[in-house]
Amino acid sequence: MSRRHLAILTATVLAAASLTACGSGDEAGGDSKTLTYWASNQGASLEADKEILQPELDKFEQQTGIKVNVEVVPWSDLLNRLLAAATTGQGPDVVNIGNTWSASLQATGALVEFDDATLAKVGGKDRFVPAALAAAGAPDKPPAAVPLYSLAYALYYNKQSFADAGITAAPTTWEELAEVGKKLTGDGRWGLAVEGANPSENAHHAFTFGQQYGGDWFDAAGKPSFDTPQNVAAVKRYIDLMAVDKVVNPSNAEYAQNQSVSDFANGKAAMLLWQAAGANLKSQGMAPEAYGVAPVPFLATPPAGGKQVNSMVAGINIAVFKHTGNLDGALEFVKFMTSDTEQVTLNKTYGSLPAVGTVAADPAFAAEEQKVLAQALATSAAPLPQVPEESTFETLVGTAIKELFADAASGRPVTEDSVREKLTRAQQQMR
Amino acid sequence: MRETAAERWSRRIVLTLLAGFVLVPLYVMVSSAIKPLQDVQGAFTWWPRRPTLQAFVDMWSTVPLGRYLLNSLLVASVAAIFSVSVAIFAAYAVSRYRFRGRQIFSVTVLSTQMFPGILFLLPLFLIYVNLGNATGIELYASRTGLIITYLTFSLPFSIWMLVGYFDSIPRGLDEAAQVDGAGPLRTLFQVVLPAAVPGVVAVTVYAFMTAWGEVLFASVLTNEGSRTLAVGLQGYSTQFNVYWNQVMAASLVVSVPVVAGFLALQRYFVAGLTAGAVK
Amino acid sequence: MATTTPPAGTASGQSPAAAGKPAGQLARQPPAAADKPAGRPARRPRRSLLPYLLLAPAIVLELAIHVIPMLVGAWMSLLELTQFHIRDWSSAPFVGLDNYRVVLDVNSAAGAELLRSFRVTVVYTVLSVGLSWVLGTTAAVLLQRPFRGRAVLRALFLTPYALPVYTAVITWTFLFQRDTGLVNHVLVDQLDLVDDRPFWLIGDNSFVALLIVSIWRTWPFAFLCVMAGLQNIPDELYEAAAMDGAGFWRRLRSVTLPMLRPVNLVLVLVLFLWTFNDFNTPYVLFGGSAPAEADLISLHIYRSSFQTWDFGSGSAMSVALLLFLLLVTAGYLLLTNRRRNDA
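Residue numbers (UniProt numbering), protein chains in the order written: chain L, 1 to 431; chain X, 1 to 279; chain Z, 1 to 343.
The set of hints was computed from the structure by calculation and includes no laboratory data.
Built from N, CA and C at the ideal position, the CB exists for glycine as well.
Hints may be right or wrong, so weigh each one.
Which stretches of chain Z does chain L cover? Using the computed rule of at least three CB atoms under 8 Å from a CB of chain L, they are [stated by the list, open to error]: (1) 109-116; (2) 202-216.
Restraint-style ranges between C-beta atoms, simulated for each label pair [unchecked claim]: (3) L:Glu416 to X:Ser10: 28 to 38 Å; (4) L:Glu421 to Z:Arg145: 49 to 59 Å; (5) X:Ile81 to Z:Val126: 57 to 67 Å; (6) Z:Phe84 to X:Ala19: 32 to 42 Å; (7) Z:Leu115 to L:Lys322: 37 to 47 Å; (8) L:Pro413 to X:Arg267: 36 to 46 Å; (9) L:Glu421 to X:Asn130: 54 to 64 Å.
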């Protein structure tokens, strides 16, 4: 075989192995002048988020000389991407995480711990709203992140529909909600919209209802306790809004992409349980005057052990990866994002609440919606269980509830037994 | 051999039903793309009542569709070209030589078709990252990594199809060339390849389409800069809304070139498959 | 009859290049491959290095992308690889076959779920491959003789295969929406077949929905392959059959299907493997969390490893699945080979 032939072969192999020219830039690790930041999708679209964030990042660059490359990651990808980054020690320096994942990600050991010394570098522990900081990691460990945007659930209701049905006040108990919902249901309109096929939403509601019934999804030792009588009753109460009270359109059993918000905005549903829906509703053409915001209802007669909780402590945390090559710059950036100015600007845009106490009184958060959310966060919100298995809990229990909604929607009876059976099965899958 | 009337009518009916089955989703894709968002969110209508091309305008700004399109084009075409080049050499060896390990090679390559992607997704990801750290060649989150992955995905089927095709080309031609003094590679390039054009085209099309549509690996192995269409189109379902009309418009735009290309080359595909599959 | 039924052996002896029109000049040559049985050395062993060099790129790539990651995956299945350990594998405890014990124990919750998903996948695969084959063969046979519009129909039938997976499946997701989808619009509003709008993406019907989408995407490939196979059937066979007075069904049974046997053997195997491992269709159709009725095994494994962060048992499931597929494929090949040799 001639040398020329060998050369052709070698060239093919080399070319196949070294298409380096096509590589696209992702400067993981970061030197002292750049940072990679993964933001979560908070606005109308990935591009919209980028447009909102870019001016702020430019400001940061002017102040510190550090350039921040932002990538807005859709929620459907975010957990996978974070996991990948944690596994390999490659990827961004700073990330947004859903605050319910804090303990799960903390367990990987990939995130910088915000002990008191580190917290001091970003402004000190006392800056942050205590409830929000409590949702940033396991209680007995230094937080794995700090809060960035704070959220809580509220009951949104269509003022016009309420007036038409002769309802004067928002319901304060679930019994009232069911009753009001029945009056509102009819003529192609339904009392309440839920996101029945979205495991996370389902899990959040399961948590809140569980609290009201005195149930816990994890016992004191951190072991799953999904199928306690309290939790069964709690989940059944939630499903019954569709199955028994029939104030929820059965179609909602297949909603997983925020169609419930669209239904509310389009007047197809008169009530909605959501976190800071205002910005979204506005984008869908529903003016703030058209809807009212009230606290999420409680049980009329709470059972023994039932807690006065009507929302989870929801929100987005910001975290730093240990593998960053620019820890000081990353912390500087966290400090910037949680500074008074940025907290006002960004939370105002997204309709969320500031995670720091100093700007709570800012007029940007004086609207009715924000006041209700702040009230809930301050008095009646509890963090989801901060255990490493939290993300698994969301997946398994959320999916179990999705299946129950599917049963209810197709007219199959949802009984305590069927609820318990689903929850038991979910629990058995926890390892 | 004349067709009876009954045969003719059953043929027409069956073909019409099949055509309907194929057409309906395609029609909906087109008709929904020209509806305003409100109409696609409402009850279904066959005919767009307020046709608009707005979705075709908006879709470029909701997600960076242009960049995804470019990435997909680059990744899929480079992967296809390399896949075919590698497959040609391998198939030539398997078709024209008897050597130790030939059987093992053929069986192993084909059996990789059995591997559940999910089994080697995470390991591959780790290998890319570590290899990247060790050598400085960016594999993870780069188009390079994706290209190498996809070219390997289409390789087994490509090799197998080309072996079949090469086998069908008479050895007499090789031998005639060799009598004229041609070496093995010249024989490949001057005798075998020209006779195997349909097979090569078919394999190229196959490799391109494999890379164009893959979802699972693209979702883990890319970042914003290298994201391909298959993953990128998910961006139309955002925190706020599912922009169904834009999803359909974008789907249409990214499908038309591939479908047109495939249909233009389908003749070769059939010919290539004929040889490969009948082996 | 003897004249119309070709011995199975000659089917593979036909020179397939005859069908490739651009290679038409070869068709007149005697089929050389047929008189050189496999196994007979085509060249002298003196040049034994060359074939390995030709194979080198393919081998390197296969090793790097398929074989080595698979072995790593198999190794992972022996570790307890949860979120506590993924960052540093060396700290992951070696648990031997414990993961297998858990996921393959049908009495445990994880094992029961896996078994259910496995059953769903088997039924799904059998139905999807079977129906796709029937549709594909039907269309190919009906398009065998020329008529006006044949080329258009052929192009139309191939379109679903050419569409990128994502766009095809997302369109079906849209069609299957309960309130705003076409399917219910036709069934409920226009035809009045059912009173209550059925669900397609959750509950029992989700399996049907998944199957329909899968068939829609798969049957064109069967069509394509069978069409290619039909081109190899010499017209003389049909003419002979017609002279014997064979009708459509008789011709189909005694000429077409036997001649298609080599194509079908491969086609069914390839479709089986692709369908069984299908991830894209359910993933896009149901958005990552498929209802239990349509929980295909690859999606199930994906959920078990990525969403619950337990890569050890996820890998154990994958390895078990791989072994199953190997077994089925080996059995299939043995069986079909023996039958071919017997013939």
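Hints and how they fare:
1. 109-116: holds (count 3)
2. 202-216: holds (count 3)
3. L:Glu416 to X:Ser10: 28 to 38 Å: Distance hint for Glu416 (chain L), Ser10 (chain X) is violated at roughly 55 Å.
4. L:Glu421 to Z:Arg145: 49 to 59 Å: The hint (49 to 59 Å, Cβ to Cβ) holds, given that Glu421 (chain L) and Arg145 (chain Z) are roughly 58 Å apart.
5. X:Ile81 to Z:Val126: 57 to 67 Å: 37 Å, violated
6. Z:Phe84 to X:Ala19: 32 to 42 Å: 56 Å, violated
7. Z:Leu115 to L:Lys322: 37 to 47 Å: 40 Å, holds
8. L:Pro413 to X:Arg267: 36 to 46 Å: 58 Å, violated
9. L:Glu421 to X:Asn130: 54 to 64 Å: 44 Å, violated
Consistency note: the structure conflicts with the earlier hints numbered 3, 5, 6, 8 and 9.
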